Structure formats: C-alpha cells, structure tokens
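**Q** Sequence:
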Amino acid sequence: MKKIILFACLLGLFSFEVSAQEFKVVTSVESIVPNGVGRSRIISALEDKDYQEYSSVQTEEDKTRNKSNRKDIRVKNFEETKLLNFFNVAGIRFQNIAANDALITSKINTMIAEGWELAFVTSAVESDAGKGDGSGIFITRYIFKR
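Reading the sequence shown from the start, the letters are residues 11 to 156 in my numbering.
Hints are computed from structural coordinates only; laboratory data are not their basis. Hints may contain errors.
Claimed, not checked - Here are the simulated lysine to any residue pairs, SDA-like style, with alpha carbons at most 20 Å apart:
#, residue 1, residue 2
1, K81, L56
2, K81, V47
3, K86, R49
4, K59, K81
5, K117, S54
6, K92, K59
7, K117, R151
8, K34, N87
Everything numeric in this text was worked out from a predicted model, so none of it was measured.
Please work from the sequences and hints to get the whole structure.
**A** Here's what the structure looks like:
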C-alpha cells in the first residue's frame, strides 16, 4: 500500500506541467509637438532579438567586446498603427486623445483575446524644455505576459 501511495505521489509530481512565461512589449508614442507636426504611433515588434548577441562583459579580469554592429539590432519587421497627435494648430485636441484611447484599447483587447495578459504599464514624457525646444513625446510601454 505504501508503494502505491509513493508511486502515485511521484506520478503526481511529474505530471505538473512547467511552463515558461513569455513577455511582449507594445509601445505607444504620442507626439506633444505643437501645431500637429509630430508623429504618433503604436509599435509592436514582429521578430525576436536575443539581448546576449548585443551585450558585452566589463570586469577587471575580462573585457569581452561584442562584435555586432548597431545596425544589426534594428528590427525590420514590426507592426505600426497610426495615432493622432495631441496638438493641432488650435492647441490641445481632446478628440485626438479620445481617438488614441480607442485605438490603444483595441490593441489591448486584441492582445488579451490572443491569450496575453497585461502585466505592467509604464509611461514617460519628454516635454518642452523651454524657449527654442518645441518637441516632445509621451511614451507608454504595455508589457504583456502569457
């Protein structure tokens, strides 16, 4: 009887499926350039990159350099969804913000329907730094996992 219980326990341990998590980053870049001259997009890479191919080790004992070119890092296959700019000639355009929200929501809902879970969201702004600096972006990274 003890052997049967032990066998059942071992069988139970081996039957648990170990699944690795997969992550995907989707980025929205929204222009905060006055007069509507900026570009706003949702960007999603369609190919994977191994960060180790572009990394180097810097220690006292070992100074291993990576021999890859910066141009090799570029992703040439990506999905680009147009968004509207926050500003137009008249100033802030709230309809544009609502339209962007609708498109971003659509992208998130599509990802969830494909089995992804929204795990993290992080945002940053590079805005007008004063006289002579008429540029800026609002960037948001949506990190999904499954």
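**Q** Straight-line Cα separation of K34 and N87 no greater than 20 Å?
**A** Given pair K34, N87 holds - Cα atoms ~15 Å apart, limit 20 Å.
**Q** For a C-alpha distance cap of 20 Å, please report whether K81 and V47 respect it.
**A** violated, 28 Å
**Q** Holds or violated: are the alpha carbons of K59 and K81 at most 20 Å from each other?
**A** holds, 13 Å
**Q** For the pair supplied as a hint, K117 and S54, is the alpha-carbon distance within the 20 Å limit?
**A** Between K117 and S54 the Cα gap is close to 10 Å, so the pair holds against 20 Å.
**Q** Going straight from one Cα to the other, do K92 and K59 come out at no more than 20 Å?
**A** violated, 24 Å
**Q** For K81 and L56, compute the direct alpha-carbon distance and say whether it is at most 20 Å.
**A** Roughly 17 Å separates the two Cα atoms, so the pair holds.
**Q** Run the distance test for K117 versus R151: straight-line Cα separation, threshold 20 Å.
**A** holds, 13 Å
**Q** Please work out if K86 and R49 have their alpha carbons no farther apart than 20 Å.
**A** holds, 19 Å
Checked against the numbered hints given earlier, this structure breaks hints 2 and 6; the rest are met.
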